[in-house]
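> Got chain C; can you put chain H on it based on the hints?
There are 2 protein chains.
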Amino acid sequence: MSNILMTGGAGFIGSHLTDELLKRGHKVTVFDNLSLGRLSNLEDAQKSSDFKFIEGDILDKNLLFSVFKEGNFDTVFHMAANSDIAKSHANPNVDFDNTMSTTYNVLLAMKEFGVKNIVFASTSAIYGETGVKVGEDFGPLFPISHYGASKLASEAYISSFCENYGIKAWITRFPNVVGERATHGAIYDFINKLRKNPNELEVLGDGTQVKPYLYVKDLVEAILLVWETTNEKINYYNLGVETRSTVKEMAEMVIEEMGLNAKIRYTGGDRGWIGDVPEFSYSLDKIHALGWCPKLTSNEAVRKSIRYILDKDYGKVGV
Amino acid sequence: MSNILMTGGAGFIGSHLTDELLKRGHKVTVFDNLSLGRLSNLEDAQKSSDFKFIEGDILDKNLLFSVFKEGNFDTVFHMAANSDIAKSHANPNVDFDNTMSTTYNVLLAMKEFGVKNIVFASTSAIYGETGVKVGEDFGPLFPISHYGASKLASEAYISSFCENYGIKAWITRFPNVVGERATHGAIYDFINKLRKNPNELEVLGDGTQVKPYLYVKDLVEAILLVWETTNEKINYYNLGVETRSTVKEMAEMVIEEMGLNAKIRYTGGDRGWIGDVPEFSYSLDKIHALGWCPKLTSNEAVRKSIRYILDKDYGKVGV
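Protein sequences appear in the order of chains C and H. Just so you know, we're using my numbering here: the first sequence kicks off at 1323 and counts up by one. Just so you know, we're using my numbering here: the second sequence kicks off at 1323 and counts up by one.
Chain C with its partners taken away, still in its complex shape (with noise of 0.2 Å):
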């Protein structure tokens, strides 16, 4: 049984993770910042006496280290980062930070108190626009978002620390995550506009944008299979579901499961946001090759997840 640090364990895929490592039996200690975790996603976790939550910046590196000290783990999953794609275009300080240098500090942790083991959250944003179905291997790495960039920086560190300092990791790269704890996304924004206007959704882009939803607990299933059963220095796979969906679906269904009949409005041009990427694919071979696939296709996982909104805000949380 791992002593797992879990930062961002707060948060959305940090909560699930969370909970799913106590079920089987290990120790998990969350630092989060609560700034976009939510103490109430570990509702769960709270009652395991192999769970301890502390409250912390990673950036603020005394006290990081501190909790490293007196905490003796052999494994970090490290998924503190920002979440947020769009925001960091007016600033990009905000992923710098949050997204890169939290890793940063986190792999000077490990060397600092010789923790070996990391498991870390990346992203098809490293990919950048790549017009082709990427596999792990894909060449030349431009992302086009600062929050891809932040990531493919974070794995850059990730590799010389563990060549350097004799840390093994596993490199696990996400698609859009989709499902319950979400807080944010296009789902959010389409139901929040639908609430304050009814009868029309504006839409940013053409609608066309076409990607992936993978659902939270088949990410996170992927996530632990990864790191259960493979062990190279570093081991890296591409997660994801082969069926994608169309920002034009996913309104519908949002407008359908609202039980309204809104007209849709696109603001036009192919994408939502500059650093947007409007169309992506993987390639999943390699971690179908593990013997794992995701229970729910795209529009199941978004339906799911707009189910989960809906409900929640009424007060029937557990869909």
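For the record, the hints were derived by calculation from the structure and aren't laboratory data. There's no promise every hint is true.
Label-pair restraints from in silico Cβ distances [to be verified]:
| no. | chain 1 | residue 1 | chain 2 | residue 2 | range |
| --- | --- | --- | --- | --- | --- |
| 1 | C | Asn1583 | H | Glu1392 | 55 to 61 Å |
| 2 | C | Asp1459 | H | Arg1517 | 42 to 48 Å |
| 3 | H | Gly1457 | C | Asp1406 | 33 to 39 Å |
| 4 | C | Tyr1510 | H | Leu1361 | 46 to 52 Å |
| 5 | C | Asp1592 | H | Val1454 | 32 to 38 Å |
| 6 | C | Glu1550 | H | Lys1438 | 47 to 53 Å |
| 7 | C | Pro1600 | H | Met1323 | 36 to 42 Å |
| 8 | C | Asp1592 | H | Met1323 | 36 to 42 Å |
| 9 | H | Glu1392 | C | Glu1524 | 20 to 26 Å |
| 10 | C | Thr1551 | H | Met1323 | 55 to 61 Å |
| 11 | C | Leu1381 | H | Glu1522 | 45 to 51 Å |
Here are the simulated lysine to any residue pairs, SDA-like style, with alpha carbons at most 20 Å apart [unchecked claim]:
| no. | chain 1 | residue 1 | chain 2 | residue 2 |
| --- | --- | --- | --- | --- |
| 12 | C | Lys1555 | H | Asp1592 |
| 13 | H | Lys1555 | C | Asp1592 |
| 14 | C | Lys1374 | C | Met1323 |
| 15 | C | Lys1433 | H | Lys1455 |
| 16 | C | Lys1626 | C | Leu1612 |
| 17 | H | Lys1518 | H | Thr1530 |
| 18 | H | Lys1555 | C | Arg1593 |
| 19 | C | Lys1555 | H | Asp1419 |
| 20 | H | Lys1490 | C | Ala1412 |
| 21 | C | Lys1383 | H | Ser1423 |
| 22 | H | Lys1490 | C | Lys1433 |
| 23 | C | Lys1455 | H | Pro1462 |
| 24 | C | Lys1490 | H | Ile1596 |
| 25 | H | Lys1455 | C | Glu1458 |
| 26 | C | Lys1608 | C | Asp1528 |
From a predicted model like this one, the values you see are computed outputs, not experimental measurements. The beta-carbon is built from N, C-alpha and C at its ideal position, and this holds for glycine as well.
Then chain H, alone, in the frame of chain C:
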């Protein structure tokens, strides 16, 4: 004609670039903290009325921004970086601060003051230990030195800044570079060791490490050719030389040029230090297609560099 800011312009490669750009009629402002650079490298440049020198550190953001504000530059040649790759093993911050954060600060300044062109000194070290002859589109990118990680991180941010703020980039990836004004490296180490003990030369590794060594003036020609003749959003080129030199050959050349009869003692192992790539070779098809080839072979460049260092130390600068 361009109005250029040359960061690290007092250094080995930056000073040669400065000389050549002034010759070609451009205006060059060198910004250098003189930690690795030397004013003596700019003796020729200082004779030009198109040249300006500002001493300062890129990590001093206020100073950097004021230099950008005053300068009205249209192009940045960003050459400033740590250049001692082995140093960062004990303290990764050396490269995080001087190789990566410097790039990030330069990019922030370019965003702030609307500078739209960057020429960047990247490195073969971004590719890590590949075991194959790498082309520019090689993946995955898992650098094994913090230097390589910091340069890959820099490329990542250059890419996202290009997309977000309409910047163009010329990314040139260097192998080992030798020649006039080099400040350290294996040749220097060998000469210094032999001065202490002319009878025996200790060489790190087993001497079979083999890499291309490019002559600095050939490198400068290639960088400027890429900058002058390509015009994509991101232009990226391996620069190098097809021939290579083994550490053994270099040690023997140093002994010969010093007129000694020293025995070589190898410490053993396949590499000189952690983070060292023992064998490396590039694909140069892309830069060759632009019509460039280096004038000196790897061994010729090494020998020229040895003679320069030996001559220089005896007051006979100018090989």
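> For each hint, tell me whether it holds in the structure or not.
Now for the hints, and whether the structure bears them out:
no.	hint	result
1	Asn1583(C) to Glu1392(H): 55 to 61 Å	59 Å, holds
2	Asp1459(C) to Arg1517(H): 42 to 48 Å	46 Å, holds
3	Gly1457(H) to Asp1406(C): 33 to 39 Å	35 Å, holds
4	Tyr1510(C) to Leu1361(H): 46 to 52 Å	57 Å, violated
5	Asp1592(C) to Val1454(H): 32 to 38 Å	36 Å, holds
6	Glu1550(C) to Lys1438(H): 47 to 53 Å	48 Å, holds
7	Pro1600(C) to Met1323(H): 36 to 42 Å	39 Å, holds
8	Asp1592(C) to Met1323(H): 36 to 42 Å	37 Å, holds
9	Glu1392(H) to Glu1524(C): 20 to 26 Å	43 Å, violated
10	Thr1551(C) to Met1323(H): 55 to 61 Å	60 Å, holds
11	Leu1381(C) to Glu1522(H): 45 to 51 Å	50 Å, holds
12	Lys1555(C) to Asp1592(H)	19 Å, holds
13	Lys1555(H) to Asp1592(C)	19 Å, holds
14	Lys1374(C) to Met1323(C)	16 Å, holds
15	Lys1433(C) to Lys1455(H)	32 Å, violated
16	Lys1626(C) to Leu1612(C)	26 Å, violated
17	Lys1518(H) to Thr1530(H)	24 Å, violated
18	Lys1555(H) to Arg1593(C)	18 Å, holds
19	Lys1555(C) to Asp1419(H)	26 Å, violated
20	Lys1490(H) to Ala1412(C)	19 Å, holds
21	Lys1383(C) to Ser1423(H)	17 Å, holds
22	Lys1490(H) to Lys1433(C)	37 Å, violated
23	Lys1455(C) to Pro1462(H)	15 Å, holds
24	Lys1490(C) to Ile1596(H)	16 Å, holds
25	Lys1455(H) to Glu1458(C)	19 Å, holds
26	Lys1608(C) to Asp1528(C)	33 Å, violated
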